[in-house]
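Q: Sequence:
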Amino acid sequence: MNATLKKPAGAPARKHRAVKPRAKAIPGEWCVGIVGSASSAGGAGAGAKRALVVTSGDLRLRATRAASCLLEPAAGDSVACLRIAPDEVWVMAVLQREEGTPNIVSCPGQMRIAVEGGALELAAARVGLRSDELDIATHKTRVATDTADVVGRQLSVVATSFKLVGSVLSSVMDRVQHFSKHYLRTTDGIDRVAATHLECEARQLLRLEGEHTLVNGRELIKARGAQIHFG
Numbered sequence: 001m002n003a004t005l006k007k008p009a010g011a012p013a014r015k016h017r018a019v020k021p022r023a024k025a026i027p028g029e030w031c032v033g034i035v036g037s038a039s040s041a042g043g044a045g046a047g048a049k050r051a052l053v054v055t056s057g058d059l060r061l062r063a064t065r066a067a068s069c070l071l072e073p074a075a076g077d078s079v080a081c082l083r084i085a086p087d088e089v090w091v092m093a094v095l096q097r098e099e100g101t102p103n104i105v106s107c108p109g110q111m112r113i114a115v116e117g118g119a120l121e122l123a124a125a126r127v128g129l130r131s132d133e134l135d136i137a138t139h140k141t142r143v144a145t146d147t148a149d150v151v152g153r154q155l156s157v158v159a160t161s162f163k164l165v166g167s168v169l170s171s172v173m174d175r176v177q178h179f180s181k182h183y184l185r186t187t188d189g190i191d192r193v194a195a196t197h198l199e200c201e202a203r204q205l206l207r208l209e210g211e212h213t214l215v216n217g218r219e220l221i222k223a224r225g226a227q228i229h230f231g
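Per my numbering, the sequence shown starts with residue 1, numbered consecutively.
Check the hints yourself; a few may be wrong.
[Unchecked claim] List time: in silico DSSO-like cross-link candidates among lysine-lysine, alpha-carbon distance up to 30 Å:
no., residue 1, residue 2
1, K163, K181
2, K163, K140
3, K140, K181
[What the hints assert, rightly or not] Pairwise CB distance ranges (calculated):
no., residue 1, residue 2, range
4, E219, L134, 50 to 60 Å
5, E88, G57, 52 to 62 Å
6, G117, V172, 24 to 34 Å
7, L134, I104, 16 to 26 Å
8, R192, V157, 49 to 59 Å
9, V158, G100, 38 to 48 Å
10, G217, R126, 36 to 46 Å
Calculated directly from the structure, the hints in this document are not laboratory data. Remember, predicted model here, so these are calculated numbers, not experimental data. Yeah, the Cβ is synthetic: ideal placement off N, Cα and C, and Gly gets one too.
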């Protein structure tokens with residue numbers, strides 16, 4: 001017995017959903033090539049992009065270094081490229097480099113290296129820093145070296161406590177100006193001052209004491225005071 005199902009009275013009619021076309025990703029083609037030359041696109045300057053000429057098989061492609069490829073490609077490097085369009089090729093990585101070619105890590109614009117909860121170490125036979133301005137902010141700084149040379153036009157050191165310990169101190173200055181509230185100096189050996197003109201001035205008391213005291217004036221010795229006591 002066949003039964004026919006009837007739609008209940010007052011039931012809403014079903015709506016047919018439109019089928020959306022399936023999204024497709026932008027296709028890309030990987031290739032390996034050799035960097036032939038590099039030229040600046042958009043004029044010279046720090047912000048100019050370098051256009052690379054990459055030879056891959058029978059193709060000569062004009063490529064641009066990707067932002068993730070920090071190692072700057074040089075002529076003769078084997079590179080991995082991603083080709084998105086006939087005129088859009090990106091150099092993603094440097095695979096191999098000839099011996100003797102310097103490695104340059106560069107990126108346009110500002111760059112910040114952040115290490116969260118760890119340590120950053122640099123190990124090299126020689127480390128050079130070249131910058132128009134260098135800012136260092138740290139809670140504690142320790143420098144250990146056998147020999148240190150500091151050459152500069154102007155040097156300023158501001159500290160609450162300054163301590164200098166060494167075996168030999170030698171300084172050459174055209175002019176030295178010193179001010180302190182309290183100045184104490186102790187010398188175990190000889191303390192000698194040689195000058196063309198020497199002045200010692202005290203507002204309240206000037207005291208010279210020694211087991212043997214010698215005052216020698218080649219032409220004149222003069223003492224002046226309201227009272228002069230000897231003995």
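Q: Run every hint past the structure and note whether it holds.
A: Comparing the hints with the structure gives:
1. Distance hint between K163 and K181 is fulfilled; the C-alpha atoms sit about 17 Å from each other, no more than 30 Å.
2. Using a Cα cut-off of 30 Å, the hinted pair K163 and K140 holds, with the two alpha carbons roughly 15 Å apart.
3. For the hint pairing K140 with K181, the CA-to-CA distance comes to about 28 Å; that is within 30 Å, so the pair holds.
4. In this structure the hint that E219 and L134 lie 50 to 60 Å apart at CB holds, the actual value being about 57 Å.
5. Here the CB-CB span from E88 to G57 is close to 18 Å, at odds with the stated 52 to 62 Å.
6. A C-beta distance of roughly 47 Å is found between G117 and V172, which places it outside the suggested range of 24 to 34 Å.
7. Under the hint 16 to 26 Å, the C-beta atoms of L134 and I104, about 20 Å apart, fit the expected range.
8. The hinted range of 49 to 59 Å is not satisfied by R192 and V157, whose Cβ atoms lie roughly 28 Å apart.
9. For the pair V158 and G100, the supplied restraint of 38 to 48 Å holds, since their beta-carbon distance comes to about 46 Å.
10. A beta carbon spacing of about 59 Å between G217 and R126 contradicts the range 36 to 46 Å that was offered as a hint.
This entry does not satisfy hints 5, 6, 8 and 10, going by the numbered hints stated previously.
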